Amino acid sequence: MTVILGQLFTGVSIGAVLLLIALGLALTFGQMNVINMAHGEFIMAGAYTTYVLQQTITDAGLSLLVALPVAFAVAGAMGVLLEWALIRRLYTRPLDTLLVTWGVSLMLQQLARDIFGAPNVQTKAPDILTESTSLGADLSIANSRLFILGLVLLAVAALTAALKFTPLGRRIRAVVQNRDLAAVSGIPTARVDRLTFFIGSGLAGVAGVALTLLGPIGPTMGTNIIIDAFLVVVVGGIGQLKGSVIVAFVLGMLQAMVEYLTTLSVAKVIVFIAIVAFLQWRPQGLFTLRTRSLA
Amino acid sequence: MNPLTNLSPRVRAWLGFGLGAVVLFAAAPALLTDFRLSLLAKYLCFAIVAVGIGLAWGRGGLLTLGQGVFFGLGGYAMAMHLKLADAGEGNMPDFMELYGQLDELPAWWAPFANPVFALAATVLLPMLVAFGLGSLVFRRRVRGAYFAILSQALAAAMVILLIGQQGTTGGTNGLTDIEGFFGYDLDDPVNQRMVYFIIAGVLLALLALTRQLMHSRYGELLVAVRDSEERVRFLGYNPANVKLVAYVVAAGMAGLAGALFVPAVGIISPALIGIVPSIEFVIGVAVGGRAALLGPVLGAVAVAWAKTALSERFPGTWTYLQGAMFVLVVAFLPGGLASLWGLLKRRREATPPAPEVGERVLVKEVAA
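Keeping their order, the protein sequence lines are chains C and H. For the first sequence, the working numbering begins at 1 and goes up steadily by one. For the second sequence, the working numbering begins at 296 and goes up steadily by one.
A few of these clues could be false.
Claimed, not checked - Quick list of simulated restraints, FRET-style, between CB atoms:
(1) Ile273/C <-> Glu525/H: 52 to 58 Å
(2) Leu214/C <-> Ala415/H: 55 to 61 Å
(3) Ala566/H <-> Gly186/C: 49 to 55 Å
(4) Ile4/C <-> Ser430/H: 32 to 38 Å
(5) Leu635/H <-> Ile57/C: 48 to 54 Å
(6) Thr328/H <-> Pro216/C: 42 to 48 Å
(7) Thr92/C <-> Leu302/H: 35 to 41 Å
(8) Pro216/C <-> Tyr615/H: 20 to 26 Å
Don't read these hints as lab results, they were simulated from the structure. Since we're looking at a predicted model, the values are computed, not measured. Yeah, the Cβ is synthetic: ideal placement off N, Cα and C, and Gly gets one too.
Turn these sequences into a full structure, and let the hints steer you where they fit.
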């Protein structure tokens, strides 16, 4: 029983990391139908921000807390720059955006290699996060994973509230539901797009801070995890967040369970097959916005 | 007026085909050293993959970011046979002996000892996988970026699977040290030349096939599906089947390329077929011109050549350049270098002629 509980929690924490990354993607993909392959490099930027801050602020706990808003701002600014320079010119060509942002991600990786060196670097986690909380007999949970789970829940709550109650959120929802109608109603869609991109990319930066607690920081850290996050968005359905939230945790737990029963490599394949099978049932993802478009 | 433009398309195609044959079969072997020629053989394998991507992506709008999977399936099928042939009847390939995890050959390796089965598998196995994924995905109208992400996820899963099953697949190292090719010693330069000639011949044959396909009714239909899938559906066709054919053909070409890559280079490994190499296949096609017949071939060879020339001396610079190529070509010259000629010609002439069908739609790509 404890084994299963332990695996379930592993799954939840895999899902939490996935969700933190997928939140930003769900936002930008949902609103602009844009695949941003450089999202993974914004994660990397957030992680390196944590590393740099820790060089100046030696207290691990304080530097982590400072890193959260700073990484949000750094990654968000990079996102705005990318949107302004390239993506806004390519809104009608989603597949080309994918390739262009892949090119950007290659260059950012090389930039990181030139600045920080090719080998991975490490940050020091605050003591309280390196310990574990024990739950019952022989089940204990790493505090860093609990911290990430809390961070994700906070991010989801904040984002949901922002989308629901703020004027900006209202505009974002309007643009997602019907871009043309929003534009003729006087919503500055281009500016809303840019702000969405800022928030979405900023969330990637926060995810990068969280990832420093789990492993080393390297130039290619974003590449592998980004695909799983994209799958979360595809399966969850675009245009809203709840699909991504559910799917991230379900996929995380599925991955953990299958991995426990077989091996990591087989689990990846089985999860992929499960996703293709799921798309047979709901090709538009778990939840979709009702639209009148033919697609 | 250029005298070449007055010829009929059929005559021009034959001329081009003949020119290609002269370059590949006479000029290149005469002018290049054995080392350069074996590099060219490798590039031509990438070019074969590019022909398939040009068909699926340039003509069909299917951005497949997972051609490495099919390249790998073909490559591994061929390498498994060659490893078994190297080991001799009844023996296990050297790496299996080395790891010592297995007492006997795994059952799924055994059929690859048969050369006919292995050769057929290099093409049919990728086509089968593409058919499976494609028929599920296209039938449910999963398309555009969704399809691209799924194809990329397939590449990621395949690589993790190969690395994880080290005892039977060679893991990260892949299948290496391939010595013979159907009885011919691959260390012998003469036999390396033979492999080059086979690859060049296959490339030309596939180009001819692809040209026929592009100019057939099916080719027209494929472009129509790319540009307006709904209209094609309303006309009574099933776009899923049209896409499926392009995807499966592209997969078969990638598989064949992978199979030829193995004797040319002597290795197949997960690093050659994962996410990054898969997307590198696409960049050559984009640079050359995705919708043109020859664009992908020339683009793939040029990019692969540039990579070899630059990445050894300036690895960092090459990565920047590669990234910049993606950005500049895809964003600002979506027709690739193949469209430059047309653009220049149009600028020079006072009254612009009607753009070609394939080009016009590329300017404003269909929203997914």
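List of violated hint numbers, smallest to largest | 1 and 2
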